[in-house]
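**Q** My request is simple: use the sequences and hints to build the entire structure.
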Amino acid sequence: MKSKKFMLIVSVLVLVLGIASFGVMAADKLPVVIGLQGPITGPYAVEGEMAKQSVEIAAQMINDKGGILGGRMIEIRVADDACQPKAGALAAMKLITQKDVVAAIQTYGSFVVLPASDVYEKFKKVNIAYGATITDLTERGLKYFFRTCGRTDTQAKFFADKVVPYFNAKKIAIMNNNTSFSVGLAEETRAALKSRIDAGEVEIVYFDAINPEETDFTVPLTKLRETNPDVFYYTGHFPEAGLIIRQAREIGIEAIFVGGDAVVNEDFINIAGIEYAKGVYQTQEALIEYFTNPEAMAFKEAYKAKYNTLPSSPWSVYAADALCVLAEAIDKSGSTDSDVIADYLRNKMENFPSITGPVGFDEIGDRVGSSINLYVVNADGSSSICDTK
Amino acid sequence: MKSNKNINQKNSIFKNWLVILVAILFIALPFIINAYWIDVLFFFGIYALLGLSLNIVLGEVGLFDLGHMGFMAIGAYTTAILNTSFGIPIIILLPISAIAAGAFAWLVCSPIIHLKGDYLCIVTIGMGEIVRLTLNNNPFGITGGSNGVFGIDFPSLGSIFVVDNSTKFYYYIWLIVGLTIVGLVNLQRSRIGRAWNCIREDEVAAESTGIDVRSYKLLAFLLGAGLAGVAGNIYATKLMIVSPESFSFMESCMLFCIVLIGGMGSIPGVLIGAAAISLFPEVFRTFAQYRMLIFGVAMVIMMIFRPGGIWPRKRGALKFESLLIKAGEENG
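If you read the sequences in order, they're chains A and B.
So the first sequence is numbered by this note's numbering: it starts at 17 and just counts up by one.
So the second sequence is numbered by this note's numbering: it starts at 8 and just counts up by one.
Since no wrong hints were added, every one of them can be taken at face value.
DSS-like cross-link-like pairs, simulated, lysine-lysine; straight-line CA separation at most 27 Å:
(1) K138(A) with K175(B)
(2) K322(A) with K81(A)
(3) K175(B) with K102(A)
(4) K175(B) with K159(A)
(5) K348(A) with K364(A)
Simulated coverage check for chain B against chain A, where a stretch passes if three residues somewhere in it have a Cβ under 8 Å from a Cβ of chain A:
(6) 44-53
(7) 144-154
(8) 250-261
Reference excerpt, derived from the structure (chain B facing chain A, CB under 10 Å, subset only):
(9) N41
(10) L140
(11) G158
(12) N172
(13) L246
Worth flagging that the hints you see were computed from the coordinates, not collected in a lab.
Keep in mind that this is a model prediction, so the values were computed, not measured.
By construction, the Cβ of each residue, glycine as well, lies at the ideal position given by its N, Cα and C atoms.
**A** Following this line, the structure appears as structure tokens:
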């Protein structure tokens, strides 16, 4: 009896595997397929969904103009990595084994991009990251890895050189949430502030980490309150940042609250409540609603027409950027070969007009130039740029 | 009575054939499926190894251990740090990781081994979380904090045989799982295995028959952690990076599910459980956010209709009648 059941289970398994691998083979040959790896499920599913929508809009814009390579349409194939390192490597594998996938746009979260980019590299597939900012990523000598987003050290330098003088701050508190991105930004910021600290202009009075899975942060915040900072820079993510600003104000921390680039979005305002979110600053990568170049306007119009809103996170727009860049590289080089595309991106692409402005890549695959600004949340929940120049 | 014996014999022949058939299937599979599914099956192998290691603690001895990922993390980080800092070959680090994880288990479990049921469970949850948070906080700057450690080598024997692609990794893990199964089956039938089961069923009775409960429990933790350390070593070399996110509490829960779904103390059960945990999410990934819902419903239904697991283990106890047969045979 038992053995029979086991046989049944084994045969069902084999059947399922078989169907799955055949399904992959039966794809249409004609379109140019670009893979999108993103967190469709899991804690950052919002980012994954938004990236998917943005990339699809960008693909639709290119297809409406007649596609690439003389009329071939772009097709997006999504792979879910649930924002986990293991699932990230598997999702990369899933895209690579689909022979018609030419190149990949990958994912939100540096610790997922790390293993995934190794897999892409091993199988020689061009991959462009849209939401991974830790510095080490491009310092590993990978040949097929690029990114359309900035690096943490650009943002850290912006904070040190522009934001601190803007508020005329003397005492600075820096808090992170122990994820690779957050620790990276906090430490880069400390490094960027070093010359000012040595000159005696500013002082870091608090530098510590919190555990983002908790919901009560009053203990670390009480410790922070005792140091009486002028500026409180939080480099973590929005789910806990909403609670932190609320609890900080409730126990009487008056300091100017500046968030890193993953802090402010709609959910942050919902969690914190507008009475606490109002007046929160953040150092932020390009927010699409402030862009006025023709490509951005066209993108905004198409996105609004379909979803009746705008992407609230910059990362999803960088994903759309990645698609435009890939389409351009494939079209201009006239090839879907990884080496040709990688060579075009690295050496021949200069100031290509994409959605978030001109794009080019340097030797190691980082985007040349970056547009970081200081934003402030208004009383009605919208944001506006502060003049830090 | 004779027919009874025949059926037993038939059963065992059938079982042997089944084992051979499954083995052939596993050897042949990489030639049939694509690289993605080979990788999925590789992670199935990792989970099988982890499930087998937890099965020693949870299934054989009945000790609730919800921090098992902590032991795997120790093994993985031992491999990662020693390999990237000192260039020690992975294959030498395989036993070293096992020893490190086992030693860690011995160290932290010695003082808590007398705890029973839920209390032990809570302490092990704490232990697993402490390991993860410690790694996350980058002690002495060696664990790389939340970035983890990256740039880990592939396992190799000299420069000729290097495990560097999906197919080789697949055979590598399943070879180790196979060897582990052989070892564990023999362990189950040994004096130690019987003592473990005895402790699981009734600790007081076990103690009164002269079983050293404390040492046997510690031995189970040590072996289980050692195996988890081996799994950690292989996991680290496959992903080439270790980061604390991989060893979360949720993963420990998944391991717990593997043993419970399959059936406590049953080796085929663990394999089925590992398949359910690792293949199910991949097969149903197209359903995106609904896949965990389906998974949950499936688990609830299973717990209602098969509370003992899919393939529960039965001790090969001899009935009185079969004892008579044996006695008859011996008498001629």
